[in-house]
Amino acid sequence: MQKILIKNGSIVDPAQKINREILDVLIQGGKIAKLAKNIKTEADMVIDASGKIVIPGIVDMHVHLREPGREDKETVETATTAALKGGVTSVLAMPNTQPAIDSKESVELLDKIIRGSSRANVFICAAITKERLGKEPTEISALKKSGAIALSDDGASVDDAKLLTAALKKAKEAGVIVICHCEDKKLSNNGVVNLGIISTKLGLRGISKESEYKRIERDIQLAEKTKAAIHIAHVSCRESVEIIGRAKKRGVKVTAETAPHYFSLTQDSLAGYDTNMKMNPPLRTAEDRQAIRQGLKSGAIDVIASDHAPHTENEKDIEFERAEFGVIGLETELAVSITELIQKGILDWPGLVEKLALNPAKILGIDRGTLEVAKPADIVILSADKEWTVDKAGFVSKSKNSAFLGRKLTGVVEYTICGGKIGYKKA
Amino acid sequence: MKMNWTKKDLLSLEELSKEEIELILQTAESFKEVSTRDIKKVPALRGKTVVNLFYEPSTRTRVSFEVAAKRLSADVINIATETSSVKKGETLIDTGKNIQALKADIIVMRHNYSGAAAMLARSLEISVVNAGDGWHEHPTQALLDIFTLKEKLGRIAGLKVSIVGDIAHSRVARSNIWGLTKLGAKVTVCAPAMLIPPAIEEMGVYVTSDIDQALRSADAINVLRMQFERDEQNAFPKQLEYFKNFGITAERLQKAKKDIIVMHPGPINRGIEMSSEVADGLNSVILEQVTNGIAVRMAVLFLVAQAAESKNAENIN
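Each protein sequence line maps, in turn, to chains A and B. Numbering that gives the first Met the number 0 applies: residue 0 is where the first sequence begins, and numbers increase by one. Numbering that gives the first Met the number 0 applies: residue 0 is where the second sequence begins, and numbers increase by one.
These are calculated hints, taken from the structure and not from any lab test. Check each hint, because a few of them may be wrong.
[Unchecked claim] Below, simulated EDC-like cross-link-like pairs (lysine to aspartate or glutamate); rule was C-alpha separation at most 20 Å, straight line: (1) Lys185/A to Asp230/B; (2) Lys343/A to Glu312/A; (3) Lys96/B to Asp316/A; (4) Lys184/A to Glu231/B; (5) Lys96/B to Glu314/A; (6) Lys226/A to Glu314/A; (7) Lys185/A to Glu231/B; (8) Lys96/B to Glu312/A; (9) Lys7/B to Glu124/B; (10) Lys247/A to Glu223/A; (11) Lys224/A to Asp158/A; (12) Lys31/B to Glu287/B.
Using the sequences provided together with the hints, build the complete structure.
Spelled out as structure tokens, the structure:
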């Protein structure tokens with residue numbers, strides 16, 4: 000394996016409390032061999048990172064790869080290629096594929112696809128219930144044995160509290176984290192945008208904030224009762240942030256994520272019925288966006304994850320109510336985070352790297368998210384001040400349904416090193 | 000100073016300025032006379048093709064647009080499509096592009112999905128006129144309501160107008176709220192609580208569920224059709240109960256201003272939204288609304304066609 004030396008980069012690694020120190024990184028045998036000032040050694044490749052920021056590769060714990068089943072939207076290969084371009088070296092694959100990842104066989108099927116075509120590290124999240132229907136539990140210990148590291152019915156919430164309680168107990172025994180998509184479908188009422196002035200103006204059905212936070216409240220109660228660890232997916236509103244913050248203070252084992260669109264956009268972006276602004280949960284108000292930012296700052300929200308949800312143009316370029324929910328995010332999450340959080344003074348660099356890499360790695364129990372010696376060499380080198388404009392043609396993801404088309408962002412990935420190999424190099 | 004119309008489409012009243020709304024009303028005034036002539040035709044749109052693309056059943060709006068286009072000497076093609084066929088058939092954008100490829104000039108579209116007109120307009124170079132999209136807007140209906148009010152009362156600014164009925168699911172209500180508030184009227188919406196959409200007061204209206212209060216000092220009321228067929232969750236009040244609590248009756252009108260204007264976009268559910276006595280009474284302008292609809296739609300078709308023409312002229316120069 001190649002020996003790579005990264006010279007003079009400004010290192011950010013919160014696990015080691017390093018905040019923009021000029022250090023060299025030596026990579027050997029796929030691992031970080033040395034992190035020190037002015038390393039003098041022969042190498043197969045030397046990268047001059049002067050003026051660049053060097054961070055651990057992003058661990059994106061909420062990604063829809065669409066394979067198996069919807070290879071027209073995305074494949075493991077195209078998603079992981081997109082990931083590397085965005086500085087993401089590890090992804091957690093959500094189980095809402097066709098078939099759903101709900102059995103030993105389907106985990107093995109996905110694992111085989113990953114081995115055959117993945118360009119980055121893909122971890123598997125299996126379903127809590129068969130076909131994610133919320134009726135029949137999956138065999139959690141078997142799923143874990145075959146390689147799943149997390150459980151979620153993402154896209155759906157487990158309505159049956161008894162069933163979820165049993166699953167939480169089993170997940171705790173097996174040592175896997177349960178990721179909760181919190182939505183009470185009775186309360187979200189087939190809505191397509193946030194309930195309030197925007198649903199009223201546009202004449203669309205609204206999704207109430209209650210549908211999200213009431214279910215978060217319930218899931219936290221169940222976690223408290225079972226003493227199992229849960230992770231709340233895609234938090235979008237103020238009340239949710241407050242509930243999670245309070246639960247953490249009581250010592251509940253709850254962690255939470257938000258997605259870049261929730262800390263950067265508001266429901267005002269929906270004024271022209273742009274289907275690239277249609278996601279679930281929906282874009283909320285400016286007040287909610289502010290609460291999300293504050294939650295990132297305070298630590299109520301631990302993780303930034305993309306909720307990368309590729310859809311074809313045929314599924315998006317149609318009437319708003321018929322269009323699919325979701326947006327892609329792997330190629331923009333780092334730059335949106337820099338633009339909206341670092342530049343606006345909400346997070347500092349170590350704070351951001353915690354949310355993007357260190358915390359998700361810890362929550363998932365994977366040995367990544369840091370540049371410590373002997374860890375896998377997943378590293379991103381970026382020009383933190385360089386601006387670029389998001390353009391449809393620039394995406395390597397198979398789908399182009401980005402909420403940030405036409406936006407000017409700051410932060411360009413120059414190199415992504417994954418497992419000690421150059422996974423992406425900016426042309 | 001006379002302002003020019005520059006928009007390719009008419010999609011909503013939300014997106015129009017006060018001046019643009021006034022321009023449509025003025026233009027409509029000059030077209031109203033055409034319908035009183037022996038030969039009810041002017042050559043303003045001669046050689047133009049207007050396609051009425053209706054994804055929802057509609058008689059009065061479709062016929063009104065057809066009459067308007069024909070009085071402007073346009074050729075008119077009507078396409079009525081079953082709602083369900085959008086699921087298996089071609090996409091709306093493909094349908095629009097095919098109509099554009101036929102070299103039509105204006106598509107007048109009624110669609111059951113909110114935002115459909117905006118989506119179509121974005122995808123096409125030819126003009127799109129929104130003839131009602133879902134619960135969103137029905138701009139020409141509001142324009143003809145406002146035109147009628149102005150004709151009757153001489154002004155809009157300062158008028159008190161109450162809109163009564165199923166506000167939540169009404170595109171007529173939304174367009175009226177935008178148009179009336181932009182022109183300076185004070186708007187009240189009145190409905191049972193479950194038919195008032197959230198945060199509507201942020202659109203600049205006063206909200207009440209008390210019909211007598213909505214009537215008390217109003218210069219005009221616009222009574223919406225109750226669409227009981229939309230009541231999927233069986234949450235609406237029953238028809239008789241609605242009439243009892245919200246129906247406009249002669250008795251209720253006695254407590255209102257004597258010369259209060261009573262409007263309804265049609266078709267009326269007699270005995271549900273209003274009594275026949277009121278619908279046919281002296282305060283009612285319901286049939287005048289229908290007549291004015293032609294002038295307003297002539298104005299809209301004329302203005303968007305003119306905008307397209309001046310844009311083409313620019314391109315040639």
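Given the hinted pair Lys185/A and Asp230/B, is their alpha-carbon gap at most 20 Å? holds, 17 Å
For the pair supplied as a hint, Lys184/A and Glu231/B, confirm whether the alpha-carbon distance does not exceed 20 Å. Judged against 20 Å, a Cα distance of about 16 Å means the pair holds.
Checking one constraint from the list: CA of Lys31/B to CA of Glu287/B, max 20 Å. Satisfied? This hinted pair holds, its Cα atoms lying about 12 Å apart.
Check whether the Cα positions of Lys96/B and Asp316/A lie no farther apart than 20 Å. holds, 14 Å
Tell me if the straight-line CA distance from Lys224/A to Asp158/A falls inside 20 Å. holds, 17 Å
Can you confirm whether the C-alpha distance between Lys96/B and Glu314/A stays at or below 20 Å? Roughly 18 Å between the alpha carbons, so the hint for Lys96/B and Glu314/A holds.
Straight-line alpha-carbon gap Lys96/B to Glu312/A, limit 20 Å: holds, 16 Å
Lys343/A and Glu312/A: Cα distance at most 20 Å? Violated - the C-alpha atoms of Glu312/A and Lys343/A are around 33 Å apart, more than 20 Å.
Given pair status - Glu231/B, Lys185/A, alpha carbons within 20 Å: holds, 14 Å
For the pair we were handed, Lys247/A and Glu223/A, check the Cα-Cα distance against 20 Å. holds, 10 Å
Keeping to a limit of 20 Å between CA atoms, is the pair of Lys7/B and Glu124/B held or broken? Holds, at roughly 8 Å.
Between the alpha carbons of Lys226/A and Glu314/A, is the straight-line distance 20 Å or under? Judged against 20 Å, a Cα distance of about 41 Å means the pair is violated.
In summary, the structure is inconsistent with hints 2 and 6 from the numbered list given earlier, while agreeing with the others.
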